[in-house]
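Q: The primary structure of each chain is shown beneath.
2 protein chains.
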Amino acid sequence: MGAMKLPLSGQKIGFAGLGNMGAPMARHLHNAGAEVTVWNRSDGPALIAEKAGLNRVQSLRELSSTVGNGIICINLTHTTVVEEVVFGKSGLFSEKPAAGTLIIDFGTTGVSGTKRFAAQMKEWDSGWVDAPVSGGQVGAEAANLTIMVGGAQADVARAMPVIEVLGEKITHMGESGSGQVTKLANQLIVAQTIDAVAQALRLAELAGVDSAKVREALRGGFAESRILDLHGERMVMRNFEPGGRSTYQLKDVRMICELAAEVGLESPTLQNSLHQWVKFVEAEGHGELDHSGLLRLYES
Amino acid sequence: MGAMKLPLSGQKIGFAGLGNMGAPMARHLHNAGAEVTVWNRSDGPALIAEKAGLNRVQSLRELSSTVGNGIICINLTHTTVVEEVVFGKSGLFSEKPAAGTLIIDFGTTGVSGTKRFAAQMKEWDSGWVDAPVSGGQVGAEAANLTIMVGGAQADVARAMPVIEVLGEKITHMGESGSGQVTKLANQLIVAQTIDAVAQALRLAELAGVDSAKVREALRGGFAESRILDLHGERMVMRNFEPGGRSTYQLKDVRMICELAAEVGLESPTLQNSLHQWVKFVEAEGHGELDHSGLLRLYES
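Going line by line, the protein sequences match chains A and B. This note's numbering puts the first residue of the first sequence at 1103, with every later residue one more than the last. This note's numbering puts the first residue of the second sequence at 1103, with every later residue one more than the last.
Hints should not be assumed to be uniformly reliable.
Repeated chains share a single entry, so a pair holds when one copy, or any two copies, can fit it.
Unchecked claim - The calculated DMTMM-like cross-link candidates involving lysine to aspartate or glutamate, where the alpha carbons are at most 20 Å apart (straight line), are:
#1 Lys1198 with Glu1390
#2 Lys1191 with Glu1266
#3 Lys1114 with Glu1335
#4 Lys1315 with Glu1270
#5 Lys1271 with Glu1401
#6 Lys1224 with Asp1145
#7 Lys1217 with Glu1307
#8 Lys1315 with Glu1277
#9 Lys1107 with Glu1243
#10 Lys1224 with Glu1307
#11 Lys1271 with Glu1318
#12 Lys1217 with Asp1312
#13 Lys1271 with Asp1312
No lab work stands behind these hints, which were simulated from the structure alone.
Turn these sequences into a full structure, and let the hints steer you where they fit.
A: And the structure:
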């Protein structure tokens, strides 16, 4: 059998953040031929990665020195964590990185933060590409994520072979931050459509009509959506195991509101949406449920 | 060429209400072999129908006497108009109808009204089937509407050959009113998804990212919907010619709120949705725009 050259053969890549999404993504890069070095705050996921043949380090400083001026992927859950992991005292670049280092941020990170981080990297003759993903853990496992990319043309060109290993639909939206803007637009629609489907099914139940039958009758019409399909089915089956945790949905809605305030979008609907998710996650303590669990807000 | 028996061959059918939807629907029944007699409040649409070979009458009383104990279809825009047209002094049944008369209501009519009308017809040994449709004028022209049917089994069985001429996806939801409940669930999702897509595209524009590109990037992901597809395209192209008039969307949202109040669904999101559509249609006077025009609310 002839040896097939893998797309990332021999390329040194770092990966920080092995959550539900990051872990399978790092593994895919490894399977694509890269020499992947991983770091994670807690040991468990890093040990699993090590057993799968990935290289493991104990500190972020070690991660950046191993990768040199290569590519480091991050997949973290908050803008503040991103800042700490990349620029903090014990972060990747507590010392100035080697010129030509490139960060690819697969997480959902604030737009203004992203612009700031990209500007700092540019000052260091290095790069930052925002590449937030949609498609959930299922998409990460199957390597068919939708990926919305922002960054300078040359940085994006360099990041693309890595991104292409993980995604199926990849769009370069524009300059730094535009990938994150697009992801937030996505999350706004997701958050509000889940709310709409939850109300519609609950309204039907209260009016004495079987919600499973309503969902079926609506499929394919003007009310059709991926949410009615997937999350609607979860609601009908009352399967609220995540999937997409409500606590992350709330985090994203907060970021959407921040962006809206920054750019001057006045939206009572968005304020209401934030209120609903806060109530569900904080007042009712349902943060660990799948976001389709919002249905419960209309049952209480 | 052998004569093919048409599905409604020789059947006497009445049709009241030749709006954008009703006019093509009446024509389809005629083309399916029925002897269709039409009535419309204004002359124009009735004259057009007459030219196409349908029978035209000047009064509702004439319509019901022509059809006898057959089927009369109605497609009207308000519950109060339905009540007036069917039960009013100059209505179809100012006198008690012949036993065995059947009304098929293709319009979006209130749930409690529908139950009341069905009970009255039953008292008269006659029937009422609620069969509201989704799919818009395009679907009415193409006879591929989604139709949500409520009513007693025997009435629905009798109505079905007529309904099948007009629709592609037809679901019998349950007793009288359950078709209307399902339609309102549909309209709730439509109203709120349009709002979500409008905000998402506007947020992106304000953040400097091209909304057409955002819509493209989101297609097929978790934010995918018929609304993102069809109404999203209208928003991007700024094509707000109706289609679905905003004034009808507002009417439906009001009916959803009425039903929610009747069955005890508390929903701040629904209250907010009503507020947004009222503002758009009444305060800003945009009722004649397509409902995708709600985008303008976020541009003002």
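Q: Now, for every hint given, state plainly whether the structure supports it.
A: How the hints compare with the structure:
| no. | hint | in the structure |
| --- | --- | --- |
| 1 | Lys1198 with Glu1390 | neither (38 Å within a copy, 59 Å between copies) |
| 2 | Lys1191 with Glu1266 | neither (32 Å within a copy, 70 Å between copies) |
| 3 | Lys1114 with Glu1335 | neither (42 Å within a copy, 42 Å between copies) |
| 4 | Lys1315 with Glu1270 | between (33 Å within a copy, 17 Å between copies) |
| 5 | Lys1271 with Glu1401 | neither (37 Å within a copy, 30 Å between copies) |
| 6 | Lys1224 with Asp1145 | neither (32 Å within a copy, 71 Å between copies) |
| 7 | Lys1217 with Glu1307 | between (46 Å within a copy, 17 Å between copies) |
| 8 | Lys1315 with Glu1277 | between (45 Å within a copy, 13 Å between copies) |
| 9 | Lys1107 with Glu1243 | neither (22 Å within a copy, 55 Å between copies) |
| 10 | Lys1224 with Glu1307 | neither (55 Å within a copy, 25 Å between copies) |
| 11 | Lys1271 with Glu1318 | between (28 Å within a copy, 10 Å between copies) |
| 12 | Lys1217 with Asp1312 | between (48 Å within a copy, 18 Å between copies) |
| 13 | Lys1271 with Asp1312 | between (36 Å within a copy, 18 Å between copies) |
In this structure, the hints that do not hold are numbers 1, 2, 3, 5, 6, 9 and 10, in rising order.
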